[in-house]
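Visitor: Going line by line, the protein sequences match chains A and B.
The opening residue of the first sequence carries number 1 in my numbering; numbering runs sequentially from there.
The opening residue of the second sequence carries number 1 in my numbering; numbering runs sequentially from there.
Careful, some of the hints might be misleading.
DSS-like, lysine-lysine: derived pairs with alpha carbons at most 25 Å apart [to be verified]: (1) B:K57 <-> B:K18; (2) A:K38 <-> A:K16; (3) A:K3 <-> B:K13; (4) B:K18 <-> B:K53; (5) A:K38 <-> B:K53; (6) B:K70 <-> B:K57; (7) B:K71 <-> B:K3; (8) B:K57 <-> B:K71; (9) A:K3 <-> B:K71.
To list a few chain B residues with every Cβ distance to chain A over 12 Å, as calculated [to be verified]: (10) Q6; (11) R9; (12) V19; (13) L41; (14) R44; (15) Q85.
Just so you know, these hints were derived from the structure itself, not from any lab.
In this text, a Cβ means the ideal position worked out from N, Cα and C, and glycines have one as well.
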Amino acid sequence: AQKVTQAQTEISVVEKEDVTLDCVYETRDTTYYLFWYKQPPSGELVFLIRRNSFDEQNEISGRYSWNFQKSTSSFNFTITASQVVDSAVYFCALSEALGAQKLVFGQGTRLTINP
Amino acid sequence: DVKVTQSSRYLVKRTGEKVFLECVQDMDHENMFWYRQDPGLGLRLIYFSYDVKMKEKGDIPEGYSVSREKKERFSLILESASTNQTSMYLCASSPPGLNTEAFFGQGTRLTVV
Numbered sequence: 001a002q003k004v005t006q007a008q009t010e011i012s013v014v015e016k017e018d019v020t021l022d023c024v025y026e027t028r029d030t031t032y033y034l035f036w037y038k039q040p041p042s043g044e045l046v047f048l049i050r051r052n053s054f055d056e057q058n059e060i061s062g063r064y065s066w067n068f069q070k071s072t073s074s075f076n077f078t079i080t081a082s083q084v085v086d087s088a089v090y091f092c093a094l095s096e097a098l099g100a101q102k103l104v105f106g107q108g109t110r111l112t113i114n115p
Numbered sequence: 001d002v003k004v005t006q007s008s009r010y011l012v013k014r015t016g017e018k019v020f021l022e023c024v025q026d027m028d029h030e031n032m033f034w035y036r037q038d039p040g041l042g043l044r045l046i047y048f049s050y051d052v053k054m055k056e057k058g059d060i061p062e063g064y065s066v067s068r069e070k071k072e073r074f075s076l077i078l079e080s081a082s083t084n085q086t087s088m089y090l091c092a093s094s095p096p097g098l099n100t101e102a103f104f105g106q107g108t109r110l111t112v113v
């Protein structure tokens, strides 16, 4: 069975600090997809990134970067120079390659950026 | 702009009531999903549908049913609401095919008293 673990329940940092959100996953599939979603106070999940299991290149998008390591089954997310607007709950998720792409979510990490 | 709309942001219902949560998407997506979000548990899949009138159970279907009579609308039904169904409910949709993202509604916070 697929499983996603986000061990950090809550993180609180001061603005401009860098912060890394951890994500560890379990799957028996050789092909799968990994996602990060952001849930601001408004409630709607916002898509941030998608990675397939064959693409281990790290990705950077502005202040956001992602580190995918199959050897450790991890897909960590780093925010550089954090801002108050980054405060949200962040979810890591895993989906199968076939079928309707059902998502298996981690428990979520509540990130608070203090001014 | 893509849109998944849930009919209510907040609902308060009594134990034993039949409850309908409605979700509409305007992106002509085949796949639609209902998730439940609880603190410390993340989101868990209740039911999903990959076509009109088609439905499949997710990880926690007990106490719920769904209806998809039209492509754009996916309803979650609590046949007899119970207090342990107090939660945040999120609807999502996605197009078919690999490597696609899901789009989420704003959520319905249901309280059963």
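Visitor: For each hint, tell me whether it holds in the structure or not.
Guide: Each hint, compared with the structure:
1. B:K57 <-> B:K18: holds, 19 Å
2. A:K38 <-> A:K16: The hint holds at about 19 Å.
3. A:K3 <-> B:K13: Status violated; Cα separation ~33 Å.
4. B:K18 <-> B:K53: Between B:K18 and B:K53 the Cα gap is close to 21 Å, so the pair holds against 25 Å.
5. A:K38 <-> B:K53: Between A:K38 and B:K53 the Cα gap is close to 31 Å, so the pair fails against 25 Å, i.e. violated.
6. B:K70 <-> B:K57: At roughly 19 Å apart (the allowed maximum being 25 Å), B:K57 and B:K70 satisfy the hint.
7. B:K71 <-> B:K3: Cα-Cα ~14 Å, so holds.
8. B:K57 <-> B:K71: holds, 18 Å
9. A:K3 <-> B:K71: violated, 30 Å
10. Q6: With a cut-off of 12 Å, B:Q6 comes too close to chain A, as the shortest Cβ separation is near 9 Å.
11. R9: violated, 8 Å
12. V19: Since the minimum Cβ distance to chain A is about 19 Å, B:V19 lies beyond 12 Å and the statement holds.
13. L41: violated, 6 Å
14. R44: Non-interface label fails for B:R44: nearest chain A Cβ at 7 Å, not farther than 12 Å.
15. Q85: The claim stands: B:Q85 keeps its Cβ more than 12 Å from every Cβ of chain A (closest is about 18 Å).
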